[in-house]
Structure formats: structure tokens, C-alpha cells
Amino acid sequence: MALCATLLLATLLQGPLVGLLDASTVRTGATVFVAICVQALPFLVLGTLLSGALAAWVSPAVLRRVLPARPALAVPVAGAAGLVLPGCECASVPVARRLIGQGVPEAAALAFLLAAPAINPVVLVATAVAFPDHPEMVGARLLGSAATAVGVGWIWTRVGRPGWIAARARRPPPDDGTPRWAVFSETVRHDVVDAGGFLVLGGLAAAAFTVLVPRSWVDGLAGHVVLAVAVMALLAVLLALCSEADAFVAASLSALPLLPRLVFLVVGPAVDVKLIALQAGTFGRAFALRFAPLTVVVAVSCAVLAGLLVFGGQGATG
Amino acid sequence: MTRDTQHVLLVLVGGVLIKIVLDGSYLRYVRSWSATPVLVAGVVLVTVALVALVRDLRGPPPSGDHGHDLSHGRAGPAAWLLVLPVLALLLVVPPALGSGALAGFGARAAPAVVTPADDPLPPGEAPALGLLDVVSRTAANPHGPVTERDITVAGFVAPSAATPPAGATGLDLARLVISCCAADASAVRLHLADPTGRLSGVTPGGAEGDRWITIRGRIVGGTGTAADGHVPTLSVTTWWPIATPDPVYEY
Chain A
506 MALCATLLLA TLLQGPLVGL LDASTVRTGA TVFVAICVQA LPFLVLGTLL
556 SGALAAWVSP AVLRRVLPAR PALAVPVAGA AGLVLPGCEC ASVPVARRLI
606 GQGVPEAAAL AFLLAAPAIN PVVLVATAVA FPDHPEMVGA RLLGSAATAV
656 GVGWIWTRVG RPGWIAARAR RPPPDDGTPR WAVFSETVRH DVVDAGGFLV
706 LGGLAAAAFT VLVPRSWVDG LAGHVVLAVA VMALLAVLLA LCSEADAFVA
756 ASLSALPLLP RLVFLVVGPA VDVKLIALQA GTFGRAFALR FAPLTVVVAV
806 SCAVLAGLLV FGGQGATG
Chain B
341 MTRDTQHVLL VLVGGVLIKI VLDGSYLRYV RSWSATPVLV AGVVLVTVAL
391 VALVRDLRGP PPSGDHGHDL SHGRAGPAAW LLVLPVLALL LVVPPALGSG
441 ALAGFGARAA PAVVTPADDP LPPGEAPALG LLDVVSRTAA NPHGPVTERD
491 ITVAGFVAPS AATPPAGATG LDLARLVISC CAADASAVRL HLADPTGRLS
541 GVTPGGAEGD RWITIRGRIV GGTGTAADGH VPTLSVTTWW PIATPDPVYE
591 Y
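Chains as they are written, first to last, in this note's numbering: chain A, 506 to 823; chain B, 341 to 591.
The set of hints was computed from the structure by calculation and includes no laboratory data. By construction, the Cβ of each residue, glycine as well, lies at the ideal position given by its N, Cα and C atoms. Don't take each hint at face value.
So, partial list: chain A residues that the calculated Cβ filter (under 10 Å) puts toward chain B [said to hold, decoys possible]:
| hint | residue |
| --- | --- |
| 1 | Phe538 |
| 2 | Leu554 |
| 3 | Ala558 |
| 4 | Asp699 |
| 5 | Phe703 |
| 6 | Ser757 |
| 7 | Leu813 |
Label pairs and their calculated CB-CB ranges [claimed, not checked]:
| hint | chain 1 | residue 1 | chain 2 | residue 2 | range |
| --- | --- | --- | --- | --- | --- |
| 8 | B | Trp373 | A | Asp638 | 20 to 28 Å |
| 9 | A | His729 | B | Pro544 | 30 to 38 Å |
| 10 | B | Leu397 | A | Trp722 | 47 to 55 Å |
| 11 | B | Arg489 | A | Ala727 | 30 to 38 Å |
| 12 | A | Arg720 | B | Pro463 | 33 to 41 Å |
| 13 | A | Ala687 | B | Leu430 | 46 to 54 Å |
| 14 | B | Asp344 | A | Ser806 | 47 to 55 Å |
| 15 | B | Glu488 | A | Trp722 | 35 to 43 Å |
| 16 | B | Leu397 | A | Leu568 | 31 to 39 Å |
| 17 | B | Gly545 | A | Val567 | 58 to 66 Å |
Chain A on its own, in the form it takes in the complex (with noise of 0.2 Å):
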């Protein structure tokens, strides 16, 4: 009934709508909203639709035969897992979730949930295409998301508490004779609205600091390599881009230094305001207020170390 409701009152709005996407700026916004909903949600579905396989077809007791029993082995084993999986930061969420809820250790799918978007082919393809003349740059950043990923997971073994994910994120699919394509199907269907929603949410964010963030604040930087760092990550998270196409935006910045850029392309894929809805709908919001700091100082520190390995002192200065 609301829906109809919301539908109808929509339509009868239809030309104060359109009329109010004369404002150059809404329209620009509008467009990139509508973006980023129609190239994420495949990359949902594409999450849910593992995520549903996982529920349906593997048991918990074949995932704790792949993965070590300790968490400090199982973290590394589940990052690695990130590899061949390519798909945005929003299919891994669905599916980071579904381990949990098959008995994986949390900070075993935490690291995979960080690791999959940011070190699959895919993307070392593109950065390797956008930075022709630094090929560096893709050992850098497969240095740098693998150890954020690895290093989250880490900490989340000695400080994470179990209550901090919601309950709802760890119910097992139900054993009761229901056949399994039947679970398959529901399992989509209900990751799909769970964390459609908040896909949508994070969207909006992404969407509207694409149009508000001047360009000024990326001009003059390139002197201030600590304030560039800061600049850069705090960009990662505001502008959300996926992580395929991160790298030809890092690249187009040629003013700056390697180092700023590297921050940029590994805390993008770990944390934005996209991913922080997602994780907020899909974890609860007592774990996204946790996480999302947590893995912004780690992605920092794991790439400032990765660019001061790889590029040496030039990466700070140009």
C-alpha cells in the first residue's frame, strides 16, 4: 500500500521533478547517483548470488576443513581467498556476511571482506594500465591492501567482541527440509533488500560530495606531502569510486606524489561512506562505528609503509 502510495504521490510530482533538475549541479548529481545504483547493484546481486550459493551448497563443516582452525592462520588463508574473486567492494560485504553466519571466524571474513575489491586481477590490471610510466604502483598496492587486510584481521582476533555484529548477521540458513535452490533463491532475495537500501543510501552520499568537493582541494597540495596524505584518504572515503576505476582517477592527478595517491588506492577499496552503509545495514551499526575507523588508520599506516618500502624517499616528493 505505501509503495503504491510513494509511487503515485512520485508521479503526480513528476514535473516539479524534472524542473528541479534544471540546477546544473542537482543535475550533475542526480546522473551520478543514478551511476553509481546502476553499476553497483550487479555487483550486489553478483555478491548475493555467492552468498545465496554459499548458503545453499556449502556446509560449515566443509569451510572449517578449508580454513586453519586458528584465526591468526585462517586471516592471511581468507585474504588470499580475495584474489580470485573480482568484484566491487559491494559484492564482498553479502558475502563476507554469509561466511560469518557458516561459522567462519569473524576476522577471518573481515579480511577477506577487505582484501577481495582492492587485490583481485582486475583491479591490478587497471592500475597497471593507468600508471604506465610507475608500474611500481601495482606491487605497491597489492603490498599495501594485502597487509590492511591482513592487519585488520589480526587486530580483530585480540580486540573484536562478538556481540558487536548483529545477531541477524550470523543466523544459519534454516536446516528444516526446505530444498536447497528454494534457500538459494530466498537467501538473494533477502541480502538483495537487506543491503539495497543502504547501497542506495551510501549512493546518495557518494554522489553528492562527487559535485560538492571542489577541485581546489587537490590544487596546491603537492607541496605538503602529510596534508596530501591526509587530503587524499579522506577523498577515498567521500568520493566512494570502485575499485576498478580508482586508479585512473589517482593517476589523473599527476600533480601530486606517488605517496598520496598509493593512501588513495588502498583505503578507497577498505573504507568509504558506500561501503560504511553497507556494512551498517549489513553488520549493524555498533560494528560499522568500530570498523570504519579502525580500518581507515590501519589502510593509512599499511600504505604509507607499502610507498615508503616500494617508492623510497621519491614517492614523497614527486
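Put chain B on the given structure of chain A with help from the hints.
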């Protein structure tokens, strides 16, 4: 949100995804390779919603329905936000990005990554080149083959963002480049020099839309380097108006 509403909403979301692929408007938002994923996602969403609808009609919703709150599979209020892209795509269908996107962070310049500088130009008189291709060639070699022959380039007319070099008109030919979706759009530009006065009266498009033209001319040697922000100067020989290209972006 009740279970029934969720089903309807998912059919709508899946339906608009299918619709924008079939009518081609998806090219305003994403690249052409996204057609298949978007279409498949739409079909999956419609299918799982219909499966759930049929199963609900045949019997009571499964009691052990995992992950749901106890209240008969209701979803939280955030799920309502899925209405927004549906409405946007059904009622408004936001237009492709144009000169309006040159203002914000989208004003970043696209990186020159595509063509090696000394690739021979396509055969023929004044071969048609993409704007990104031209910028990439001059970035790699500002005195390369691209400066030795006439070329034709399409784009929309925009005022120069930076102070134009001596001899240029203050007008640019611009194009937006996307690598994944419109959210990562970046601009490539050519400064226009007009030694023979062909461009008199040409102005950027107004509220009714961008002004798209094709220009035949020659790249001024030595331009398009880091010094001018990788914006080469194109000396105009002649130009003619064109319709907005589809897709509107370069890749």
C-alpha cells in the same frame, strides 16, 4: 516493510534495470560492457522476487526463515531507499553528464594512457581521432605524427578552465571520459586556436544542452605537455555541428 512490498519493490528494481538496457539509456551511466551484468542483475532480481511470491502464495512463509526479524520477514525502513533509483529511472531518467560536470571534482583531467605516441595515424585525409587519443599522443610526444597532419575531432564547446595560451580563443573542445561509471568521469580538453576566424559566433551551449561540433584542424606542435596541463591547442580549419553522440562518453 512487509514481505509483499519487498517482492513488488524487487520486481520494480529489476524491471528498471532491464528497461534501461533494452532502451539504451544505460549508456548515460555506465560503459557498454555493463549491458550484460545490468541485464542479468535485473533478471535475477525479478526471478527471485517472483519465486518468493509464488512460494508465499502456495503456503505460509517458511517459519525458520533465516536472517529475518521474528515479525514475518519484515525488512527495515532503509529498504525503502531502493525506491529512489526506481523513481529516478522511471520518471526522470537523468541525462548523460555534460558541461555541468566540468565544475566539481569531475573537473579533473583524464590521464593520458591509451595510445603510444608514435602509432601512425589512421589512413585517409584528416582522420577522425578521439579527444582522449589526441591528448594521449601529445602528452607522450608533443611533436609526434599527430601534429603533422590535419585531424578531425568531435566534442562539445566549453569555456577554457585555465588561462588559454597565446593565440587560443578561450574556447575549448571538451569530452568526458569514464572508466567504470559516470561517477568517475573526467574531462579531456583541447584549446581552440582560430587563425582564420572560422569560430566567430560559436558559443558554449546554454540551458537547452551542450553544443556538439566536429572540428577539422591541426594540433599546434609543442602543446599538450605538462606545462599547459596536457591541454593541446587545436588550430581550426573548419567545423560543423553534429548531434550529441551516443554513447556520449569516451572510454
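* **Distance restraint evaluation - glycine 545 of chain B, valine 567 of chain A, Cβ atoms, bounds 58 to 66 Å** => 60 Å, holds
* Asked: When you take the CB atoms of arginine 720 of chain A and proline 463 of chain B, is the distance between them in 33 to 41 Å?
  -> 39 Å, holds
* **Hint validity - phenylalanine 703 of chain A Cβ closer than 10 Å to any chain B Cβ** => Holds. Min distance 6 Å.
* So does alanine 687 of chain A sit 46 to 54 Å from leucine 430 of chain B, Cβ to Cβ? -> 31 Å, violated
* If you take the shortest Cβ to Cβ gap from leucine 554 of chain A to chain B, is it below 10 Å? -> 7 Å, holds
* Asked: Per the CB criterion, is leucine 813 of chain A less than 10 Å away from chain B?
  -> Since chain B brings no Cβ nearer than about 24 Å to leucine 813 of chain A, farther than 10 Å, the hint is violated.
* To do: Check the following: the C-beta atoms of arginine 489 of chain B and alanine 727 of chain A are separated by a distance inside 30 to 38 Å.
  => 36 Å Cβ-Cβ, so the 30 to 38 Å window holds.
* Asked: Taking the beta carbons of leucine 397 of chain B and leucine 568 of chain A, is their distance inside 31 to 39 Å?
  -> 35 Å, holds
* Can you let me know if the beta-carbon spacing of leucine 397 of chain B and tryptophan 722 of chain A is within 47 to 55 Å? => At 54 Å between Cβs, range holds.
* **chain B contact restraint for aspartate 699 of chain A - C-beta distance below 10 Å** => 6 Å, holds
* Falls inside 20 to 28 Å, the C-beta gap from tryptophan 373 of chain B to aspartate 638 of chain A? -> Holds - the Cβ-Cβ distance for tryptophan 373 of chain B and aspartate 638 of chain A, about 26 Å, lies within 20 to 28 Å.
* Asked: Holds or violated: 30 to 38 Å for the Cβ distance of histidine 729 of chain A and proline 544 of chain B?
  -> Given about 35 Å between the Cβ atoms, the range holds.
The structure does not agree with the numbered hints 3, 7, 13 stated previously, though it agrees with the rest.
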